[in-house]
Amino acid sequence: MKGALKYLLFFRNVVFLKWLSQIVFLVGFISIVLRYLGNASTNFASTNIAFSWDFLGETPGVSIAEGMYTLPVSGLQMLQVGMLNMLRITVTGIFAATILGTMLGIARLSKNYIVEKSATGILEIVRNVPLLVQILFFQALILTLPRLEVSEIGTYTIHASAKGIAFPWPNREPNAILFMVYFILVLYIANQIFKWRVRTLEKEGRETYPTLWAVISFVVLIIVGWFGGFRVVGIIGLIAGYLSIGLESVPGIFYQILFSAITVFIGFRVTKRFIDSKKSEEAQGIYSDDDYFKIIFNVAIVVLLVFLFLTSFGASVSKFLVGDELTYKADWGLPQLFHGIENKLYWFPMHDVEIEKENVEMKKAEIINWVVEPGSRVEVGDKIADAYIIRKPNEEKVEYEIVAKYAGTIETLYLEEGKSLKVGEEFYEIQVTEGDPFTLSRPRIEQTGTTKFKRYSDDYGKKLSVGYFATWVGVVLYTAIFISEVVRAGIMAVAKGQSEAGLSLGFRRSALLRLIVIPQAIRVMLPPMGNQYLNLAKNTSLGIAVAFPEIVAVGQTLYNQEGQTLPVFIVWMIFYSTVSLTISSIINFYNRKLKIVER
Amino acid sequence: MSIIKTNDVKKWFGDFQALKGISMEVQEGEVLVICGPSGSGKSTFIRCINRLEQHQEGEIIVDGIELTNDLKNIEAIRSEVGMVFQSFNLFPHLTVLQNVTLAPIWVRKKSRSESEEKAMELLTRVGIPEQASKFPGQLSGGQQQRVAIARALAMEPKIMLFDEPTSALDPEMIKEVLDAMKELALSGMTMIVVTHEMGFAKEVADRVMLFDEGLMVEENTPTEFFDNPQNDRTKLFLSQIL
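Protein chains in written order, with this note's numbering: chain A, 210 to 808; chain B, 73 to 314.
Keep in mind the hints are simulated off the structure, nothing from the lab. Among the clues, some could well be false.
[Stated by the list, open to error] Coverage of chain B stretches by chain A, computed from C-beta distances (three or more under 8 Å per stretch; other residues unrestricted):
| # | segment |
| --- | --- |
| 1 | 147-155 |
| 2 | 169-179 |
| 3 | 223-229 |
[Stated by the list, open to error] Facing chain A, from chain B, some residues (calculated, C-beta under 8 Å):
| # | residue |
| --- | --- |
| 4 | Ile75 |
| 5 | Asn79 |
| 6 | Asn122 |
| 7 | Ser159 |
| 8 | Asn161 |
| 9 | Phe163 |
| 10 | Pro164 |
| 11 | His165 |
| 12 | Lys182 |
Predicted model only: the values in this text are computed from it and were never measured. C-beta atoms are modelled at their ideal positions from N, C-alpha and C, and glycine is treated no differently.
Kindly generate the complete structure, drawing on both the sequences and the hints.
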């Protein structure tokens, strides 16, 4: 009787209940996911908007206020502009907020009464006002500046108005990317030389001037680079070219199988490590119910993911990697990506030349006849084509000569004779063999068309638009305030004895802070600092309120245009997750590196 | 010639008067032990000598330089006076060798190789050259305190201050630190030691002082101090501690 009762009362058994709840949860979770996917596809079918990524390849027909391309030729390119705009704010903002925040944090700890009180004042104002309000405030602030006037047309060193702020900027020439990669390489080499000299010093015990060596080699390499040495980086372009050719022959199913294999591999590794950990001396191969469930759950997730990768979801993802169909002029797909790298990073980079404006009224250009052909060698200023300036449709054409902007070899002529293209579109490709990587350009105020519309030229100097300025200042200031609290907490967490030891050794306050307090405070500061960086990255989405075309604003425009809400949401989520995970893995990397060694 | 001279030094923490007028002199090469119950102002007093605390009245003259608000004087005195703390205060983010070479390199502006050579010499002197590349967190308390002594000595100070250097240590580690201090005393270093180690005072000190409630109540040679105390307070203190 007793034994039978034990089985009758199974619903009171803890082990049974635990299993039941786990299985119910798993079944519920999977059915909700499947149900939602099913629902979504039915709904799409009934509204005649089939879930599709086609819009990425279609021309959206809208312009973007600022960014890499202002007239995107495809949905994908439009999203790329949004992503880049977001990253511009995020990357520069993180640096600026860190510097400003550190200064504010130290100011808050200052013994100088005025410095301390003003830092506290800024903190209290910024911390207690919503970020959105602050961004709107900075927008309003810059809109109070005077408007651009006709009398102001011309070139300036620096200029501020209700249109934004413009200042001089090194203009990127076709060689610029090559040179920037060379610059990073030189930084790395200088760092290696520094380390090598330090090692020599430690081994031989004589002064080896590591800093001097590093600085001199850096300066020498940069000078050598500027006068042509940077072209050694071209080896990257060469390799990328071969990779591009190789990847072209890889079919989409390969990536689907690759993802599935990786998922199975990771799942197997994780589960095996878990099982192995249970075989250790303490655990002695004893599994609890939770352990069994963990194994089953892992397997279920792997099966679900492999299923997704091998069906239409995986197929649509692999399209992006193969680069089929969607890739009209947007450098997407792995072969296209590597081909892009090949073009930009070859010894003599390829460059697409855009139609330049001859006068303010020019809208289009029509080629009468090319005087060059693919393979012709041109110098700067050589005539390459006879063409017409077209002002408006059906208006008389004015003949003019198009001259070469760069010296090099003509690669491809995109525009046929007798055809026309809008200003700003690419009409021939040239392999650039000469010229400096950068030229300094000063901002210019111009008048567009016959209207009274004045603006800063996109082609000269650098312009911070109202939206960019307001968003940037808003998120930087807001984040800096929270960083200042992190810095203050970090410094205060360093024991007082550390400062006393430093002072008793004769350190001045500045050296004490730099050599003793801050290196220790950084260890406390890093994890919360990472959180602030994530906040900054996510807060850039508020740029939508001041018409700054970051990824959210651009995405919204795009789905209003095309009706594809879900794909845009997927792009947003993948993009923000990627950015956030990248930031946190960088922080975690440094966190591990800086950990204080104990026992 | 006296290397430290104080005259009627007074110090308040808010309403509480920690030092009620201390006048004393320390000769070059002398080892002075200061003892007394907790709260008697002995730590505060030696912390005033290198300006970790600021005295409010009286004068302190170290090696002919008067301690005032003049930053230059403070820096000059701090680089002449080494200090060892009760809680070691090693820099946890630096290796033992870096701990010892940090000040010579950045304050004395010596070359790294010269500083490292000197540091290894000092670490050998305190008996732990093999720990040079470890981090403080990996050492025992006694080893840490010896690193702290080496770190202070690396600045080649004329005077060494010890603020209860053995109070935070296990009994078996106290001896290794005291041995290092004895060796230092025998080499002719001027030392002021705040400690409860009466054995050390008897053996090494040239003079012993007793502080109580911010006043110096007795000053004597070790033999006289322990065998023939003059003051009732000293007698009470010794009866409790011995």
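Okay, the hints, checked on the actual structure:
1. Coverage of a stretch by a chain is defined here by at least three residues with a beta carbon nearer than 8 Å to that chain's beta carbons; for the segment 147-155 of chain B and chain A the count is 6, and the condition holds.
2. Note: the segment 169-179 of chain B has 4 residues with beta-carbon separation from chain A under 8 Å; the three-residue rule is met and the coverage holds.
3. With a threshold of 8 Å between beta carbons, the proposed coverage of the segment 223-229 of chain B by chain A holds, since 3 of its residues qualify and at least three are required.
4. For B/Ile75, the suggested interface contact is broken, since its CB lies about 17 Å from the closest CB of chain A, more than 8 Å.
5. Evaluation of the B/Asn79 hint against chain A yields a violated restraint, the C-beta minimum of about 23 Å exceeding 8 Å.
6. At a threshold of 8 Å, the smallest CB-CB gap from B/Asn122 to chain A is about 6 Å, leaving the interface hint in force.
7. For B/Ser159, the interface hint holds, the least distance from its beta-carbon to any beta-carbon of chain A being 5 Å, beneath 8 Å.
8. Evaluation of the B/Asn161 hint against chain A yields a held restraint, the C-beta minimum of about 4 Å falling below 8 Å.
9. Taken as an interface hint, B/Phe163 checks out: its beta carbon lies about 6 Å from the nearest beta carbon of chain A, inside 8 Å.
10. Interface restraint check for B/Pro164: the shortest CB-CB distance to chain A comes to about 5 Å, inside 8 Å, so the restraint holds.
11. Using the Cβ-Cβ criterion of 8 Å, the hint placing B/His165 at the interface with chain A is satisfied: the shortest such distance is roughly 5 Å.
12. Look at B/Lys182: its Cβ only gets to about 10 Å from chain A, farther than 8 Å, so that hint breaks.
Hint violations for this structure: numbers 4, 5 and 12, all remaining hints satisfied.
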